[in-house]
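Novice: Given the sequences, and given the hints that come with them, work out the whole structure.
In case you want the letters, here they are:
Number of protein chains: 2
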Amino acid sequence: MSAAIKVGVIGLGTVGQGVVRLLKNNADEIARRVGRPLVVTHASVRDAGKARDCDLSGITTLADAMQLAREADVDLLVETVGGISPARELILAALARGKSVVTANKALIAEDGNRVFAAARASGASVAFEAAVAGGIPVIKAVREGLAGNRVERLAGIINGTCNYILTQMQENGTAFDDALRDAQRLGYAEADPTFDIEGMDSAHKLAILASIAFGTPLDYGSVAVEGITRVTPQDIQIAQVFGYRIKLLGIAKRSGKGSEQGIELRVHPTLVPDNTLLAKVDGVLNSVVVRGDAVGEVGFYGRGAGGDATASAVVADLIDLARGLGADARHAVPALAFQPDAVRALPIVPSAEVASAFYLRLKVADEPGVLSKLTAILASHDISVEAILQREPRGHEDANVALITSVIPQHRFDHAVNEMRALPFVREDAARFRVEKFD
Amino acid sequence: MSAAIKVGVIGLGTVGQGVVRLLKNNADEIARRVGRPLVVTHASVRDAGKARDCDLSGITTLADAMQLAREADVDLLVETVGGISPARELILAALARGKSVVTANKALIAEDGNRVFAAARASGASVAFEAAVAGGIPVIKAVREGLAGNRVERLAGIINGTCNYILTQMQENGTAFDDALRDAQRLGYAEADPTFDIEGMDSAHKLAILASIAFGTPLDYGSVAVEGITRVTPQDIQIAQVFGYRIKLLGIAKRSGKGSEQGIELRVHPTLVPDNTLLAKVDGVLNSVVVRGDAVGEVGFYGRGAGGDATASAVVADLIDLARGLGADARHAVPALAFQPDAVRALPIVPSAEVASAFYLRLKVADEPGVLSKLTAILASHDISVEAILQREPRGHEDANVALITSVIPQHRFDHAVNEMRALPFVREDAARFRVEKFD
Ligand SMILES: NC(=O)c1ccc[n+]([C@@H]2O[C@H](COP(=O)([O-])OP(=O)(O)OC[C@H]3O[C@@H](n4cnc5c(N)ncnc54)[C@H](OP(=O)(O)O)[C@@H]3O)[C@@H](O)[C@H]2O)c1
Ligand SMILES: NC(=O)c1ccc[n+]([C@@H]2O[C@H](COP(=O)([O-])OP(=O)(O)OC[C@H]3O[C@@H](n4cnc5c(N)ncnc54)[C@H](OP(=O)(O)O)[C@@H]3O)[C@@H](O)[C@H]2O)c1
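Protein sequence lines, in the order shown, are assigned to chains W and U. Positions 1 to 440 (the UniProt record's numbering) are the ones given, in order, by the first sequence. Positions 1 to 440 (the UniProt record's numbering) are the ones given, in order, by the second sequence.
By construction, these hints were calculated from the structure, which means they are not laboratory data. Being a predicted model, the structure only gives us computed values, none of them experimental. Just to be clear, a hint being listed does not mean it is correct.
Put simply, identical chains are the same to the list, so a pair is met inside one copy or across any two.
[As the list claims (entries may be wrong)] Distance condition first, Cα-Cα at most 30 Å in a straight line; then the derived DSSO-like pairs of lysine-lysine:
1) Lys258 / Lys374
2) Lys374 / Lys50
3) Lys258 / Lys24
4) Lys6 / Lys24
Specialist: Laid out in structure tokens, this is it:
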């Protein structure tokens, strides 16, 4: 067996420590795969005094991460710091030296990946980022390589474990959102500041990455239409269940339109999904992505989307790929975003108002006769049919609720109808509007 | 864009035609991925007169497949003939010329893959075979590359769509096995001679391949313990349901024992799986594989395991991988069986008698008092506890049935207990014995 491949790890938090542990624990098997051992020789952290949950013997710890990126005698670099800066500068410094980098940093890849990949190309190095989407599930490799013969028609995923945990708690125990969130924080599934997760930005980062490798489009995080889960109530979850649906936060990327009209939809929002689909059954912190290709049909993946060990699994898989490619001409490598850089082509993003789907609507109404007939008359006048409708008796001092699911219509048509409904004297509030996706 | 990559396809049946269609339909996207077009320039079939469901314009059709393998001016070769011979000789001939080959041939890879891969190494060429397991699901790539940082602890899969279709029919409609089989044949889901599928050999082929890439062991089809689905009855399916299980034909590969005692279990058999697991919910012709790695935990994959287009998706993905690697030094390639050839190590196969699991047992018994107490006494004397038990009133002229699920025990202990039970005067027949797997 030839000389070891030297790895530097910047950032020894949840994921970085997992990487160090995994490379040590499975050193023998990994060497049997690669033909050479992979050894962490250098690491860098912010606070050198902090205890680490991994064996650091044999690892040179540098106080200055930039020094590691710029000068350390390593073959491959892992960035598990997170955030845009200094992670970006560290990665760019390593790439400038021709060192390939593995990162778990979805924010950076989604928001500034086009620049990072350009820098990698310029120096003949690679940037791998399997861990950035869905943690341990090798979904980037699957879409980029395993399904490469397909024209991807759409993909949909539960790609934020925090939100899925909260929604599952709300579903199973009728917990209110705030309580479920506190519960998730207590268990370490949500950050002290949970905004990024619950407002859907984290899912949007991952969706932007998946969409780019699925459709051969440039990364375009800014175009993702994002709605988080803070407005989901136990009541809506329960009514959805009566209708045969679960409410999940999905990231959805979809081709839409034909020929020269063709564009893509990029959206993250709470979604009613039929309760007999795989996505409806993925509960707790698990993630799942379902991809539809023109040849393969529907393919699904599920597993742990976060956690130090599961995410390290993805980082180490990338390290092994890069280790195999060390010394090879970069033109043999799989392009970072699946398509050759000069063949990446932007497609128009379909504005939310034009995106068609079925819709779930819940209105609070005064408890008086004729409510249903007036509401359904408005829907009919907009050529919207009703797939399911439920009227609930008021409880105590509450208003009565009317909930319904529409046929598939563009959002603007739905919004117009809802605006007309809101003008009706007996309508107190449009309490909830969510998209419904049947995946058929 | 540089010159086209020339592909030869031997065998234009279900899969081969799918490959030709897919490479034509998605020619533009595939070229955008690879940087060069992939074009089928040569093909060979047995019966040149047969109509083909794909556009053969621009393709030179050769009557002699061996001539295509040996002489045609192609860069890559696809073998979609099937069977051991002449498929093996065709592949070996292509490899001898240094041409890399994509095959969908699970029988050949499972039974003689060690030789095929040795020939590939000798000539610096590659053999890719994603299509050999689970059709369009990129599970070989996922296990071999995407989960490469893990020590795989076990995997379990529904890897034969024919059997899963039959069992699903039996489950959903109470259909008898023979009727469900005929139904599958009528729909083209089962061959005229279905032996290979229903007796479990096809699953065993796929399991042998998955186990090898998961554990770094040589291909060892002969060591798989195989039991097909012909003895599954609607009655057992129904009783399993009462117990909270589904009956699925699973291929299971599992590490077993510790330290120097370590071995692997390789087995295909009808299995009771808890009805809340993903595997229990995969119905009809769909396939699914669930892998447990030490770092990633449980990861699952599902999708179409057969059909021309889905299988072609896997073949074309392999072609794209090989196209990228054309001209690169073979030592940069992922080893065919995930581990470096000199690091592949056999592990002892655990004999079936030693393989532990829970068991389902159904006995036909005379309808007389004391039956349960005598049966449970025998189980207790073998230190077997009972997880669930059901006694059914006789219907019409039928015997009464007692069905039960045991605790987890090695098979030899279960067999001894059942043999003692059979000797009891009121036991007419041990009508069914199946393993139960809970995956916890
Ligand atoms: N956690 C997950 O489950 C998960 C899953 C998928 C992807 N990711 C991604 O993985 C990345 C890391 O996440 P994490 O959860 O491991 O974060 P974390 O636990 O907060 O760890 C961050 C690490 O980076 C170090 N660090 C911060 N600034 C640094 C600097 N300037 N120089 C050197 N080290 C610095 C920190 O040092 P100190 O320890 O000294 O403070 C810490 O060790 C993020 O991009 C995240 O989005 C995480
Ligand atoms: N079908 C699936 O869904 C599926 C899924 C996964 C893997 N596979 C595997 O894919 C392979 C092909 O399966 P298939 O279903 O496509 O089989 P198929 O429909 O029976 O096609 C076999 C093809 O090979 C041709 N052929 C037979 N002997 C030949 C010879 N000596 N020289 C040249 N051509 C010859 C046949 O020619 P004629 O047409 O002229 O008879 C036919 O076109 C098998 O290894 C199978 O296990 C199949």
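Novice: Now tell me, hint by hint, if it's right for this structure.
Specialist: Verification of the hints:
When the C-alpha separation of Lys258 and Lys374 is checked against a cutoff of 30 Å, the pair qualifies neither within a copy, at 37 Å, nor between copies, at 71 Å. When the C-alpha separation of Lys374 and Lys50 is checked against a cutoff of 30 Å, the pair qualifies neither within a copy, at 65 Å, nor between copies, at 63 Å. Within a single copy, Lys258 and Lys24 get their C-alpha atoms only as close as 51 Å, which misses the 30 Å cut-off; across copies the closest is 19 Å, which meets it. Taking CA atoms no more than 30 Å apart as the test, Lys6 paired with Lys24 passes inside one copy only; the shortest distance there is 13 Å, against 44 Å between copies.
Going down the numbered hints, you'll see the structure goes against 1, 2, while the others check out.
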